[in-house]
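This is what each chain is made of:
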Amino acid sequence: MIEFRDVCLTLNARPVLSDINAELSGPRVGIIGANGSGKTSLLRLINGLASPTSGSVHVLGLQPDRNGRAVRKKVSFLFSNPDAQIVMPTVAEDVAFSLRRHSLSDPERDLRVNQALHQVGLTEHHDHPAHALSSGQKQLLALASIMVTEPQILLCDEPTTLLDRRNTREVINVLNDLPITVVMSTHDLDLIRDWDRVLVVDGGRIIADTTGIEAIATYLKLVDS
Amino acid sequence: MIGIYHPGTSWLHRAPPGLKLVILLLFTTTIVIFRSLPVLAGAALFIFIAYALARIPMGLALKQLRPLRWIVLLLMAFQWWLLGWERAFEIVGTLVLAVAAAALITLTTTTTAMLATLERMLTPARFIGVDTEKVALVLTLTIRVVPVIADIVGSVRDARRARGLERNARAFVTPVVIRTVGYSHDLGDALIARGVGD
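So the protein lines, in turn, are chains A and B.
Note that our numbering gives residue 4 to position 4 of the first sequence, counting from 1, and the numbers run on in steps of one.
Note that our numbering gives residue 26 to position 26 of the second sequence, counting from 1, and the numbers run on in steps of one.
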């Protein structure tokens with residue numbers, strides 16, 4: 001589904017990723033590692049926000065650096081900062097913004113928007129100003145705005161970093177229920193403890209590709225050393 | 001339009017945004033050209049009835065005019081001194097009524113509907129190569145970033161106070177610019193991820 005072949009990425013003459021070879025499939029893939037280890041860059045390569053300096057990335061049979069538009073129709077991205085993802089002034093309008101290129105009638109569009117808001121528990125905030133929501137609600141809105149387009153893969157870059165424990169739980173509950181592939185980088189080790197597939201990234205290389213529990217042990221050993 | 005849309009089902013809420021903009025244009029043109037106290041009194045009654053029919057709460061209606069209060073006071077005093085009380089009332093009244101009418105449009109029209117209308121109105125510009133969707137998006141983002149930048153300014157002001165640098169302009173301008181540029185960068189990434197520009 002997602003394949004990295006001999007991928008290297010250099011930004012401003014600094015090697016960010018080196019010799020990345022991996023095939024990512026399955027419902028949940030976690031990525032853990034220290035700040036600056038290359039987690040975000042790995043995710044950015046998947047939907048074409050970054051292009052490999054050498055090697056190639058293949059997503060659902062497409063190369064994101066060559067077919068960015070087609071890839072982004074199937075692969076969505078949830079960032080750490082929800083404020084940077086919300087474009088429209090009100091909640092429902094922001095979700096509807098994602099559907100602007102879909103040929104839908106007004107009732108069809110409203111139905112999809114309402115379903116997406118219901119999915120993340122924001123129905124009662126339909127007409128509220130987006131900037132007045134709490135951080136957790138903003139992240140849920142960002143998630144609704146993504147899910148309304150029905151992507152096949154969701155990339156999450158530390159989606160709970162700016163959230164408190166309660167909001168984190170709400171966002172993770174919604175993410176856990178999604179019937180699509182989720183690739184998530186995080187510093188919150190509890191979130192990926194039970195996942196079957198977690199990559200540990202260090203110094204721009206994948207140093208472990210294993211279960212959540214083993215990945216955490218590897219990462220903690222790395223941090224302690 | 002910074003999220004001040006007041007949901008409702010009144011005829012004003014349901015009216016096409018293009019029609020509302022045309023009425024706004026006619027209204028403001030009329031009170032400017034035929035400026036007199038009786039005309040302004042009639043216009044004020046018209047606006048009052050329109051707010052009532054749109055079921056806009058009085059508090060919310062007055063809130064729209066609050067940002068004008070200092071301008072109104074200064075303008076009133078200056079025009080009174082220069083041209084007399086009657087002329088001063090006419091000039092200030094025209095300004096207040098025009099703002100009240102414009103605010104009524106934004107209170108009863110979603111940003112999406114307004115921008116779709118603007119995009120349609122800009123359609124002829126496509127023939128000279130203007131990307132009307134991007135123009136509409138720029139207007140949307142301008143509206144959207146106001147509260148975000150207000151948050152940035154608020155938190156930088158607090159941080160400056162916490163460090164005892166209240167009077168240091170550099171301790172204010174530098175972080176505001178850096179955080180705003182950082183936000184713009186993140187926003188750009190998010191827009192690309194949401195398919196804008198594809």
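Rather than coming from a laboratory, the hints here were simulated on the basis of the structure.
Source: prediction; values computed, not measured.
Worth double-checking, as some hints may not be accurate.
Selected chain B positions facing chain A (in silico; Cβ < 8 Å) [claimed, not checked]: (1) 13; (2) 14; (3) 106; (4) 141; (5) 142; (6) 192.
Below, a sample of chain A positions facing chain B; criterion: calculated Cβ distance under 8 Å [what the hints assert, rightly or not]: (7) 51; (8) 74; (9) 77; (10) 118; (11) 119; (12) 124; (13) 127; (14) 206.
Note that beta-carbon positions come from the ideal geometry of N, C-alpha and C, so glycine has one too.
Okay, the hints, checked on the actual structure:
no.	hint	result
1	13	11 Å, violated
2	14	13 Å, violated
3	106	10 Å, violated
4	141	7 Å, holds
5	142	11 Å, violated
6	192	6 Å, holds
7	51	12 Å, violated
8	74	11 Å, violated
9	77	4 Å, holds
10	118	18 Å, violated
11	119	18 Å, violated
12	124	12 Å, violated
13	127	4 Å, holds
14	206	23 Å, violated
Hints 1, 2, 3, 5, 7, 8, 10, 11, 12 and 14, counting from the list given before, are not met by this structure.
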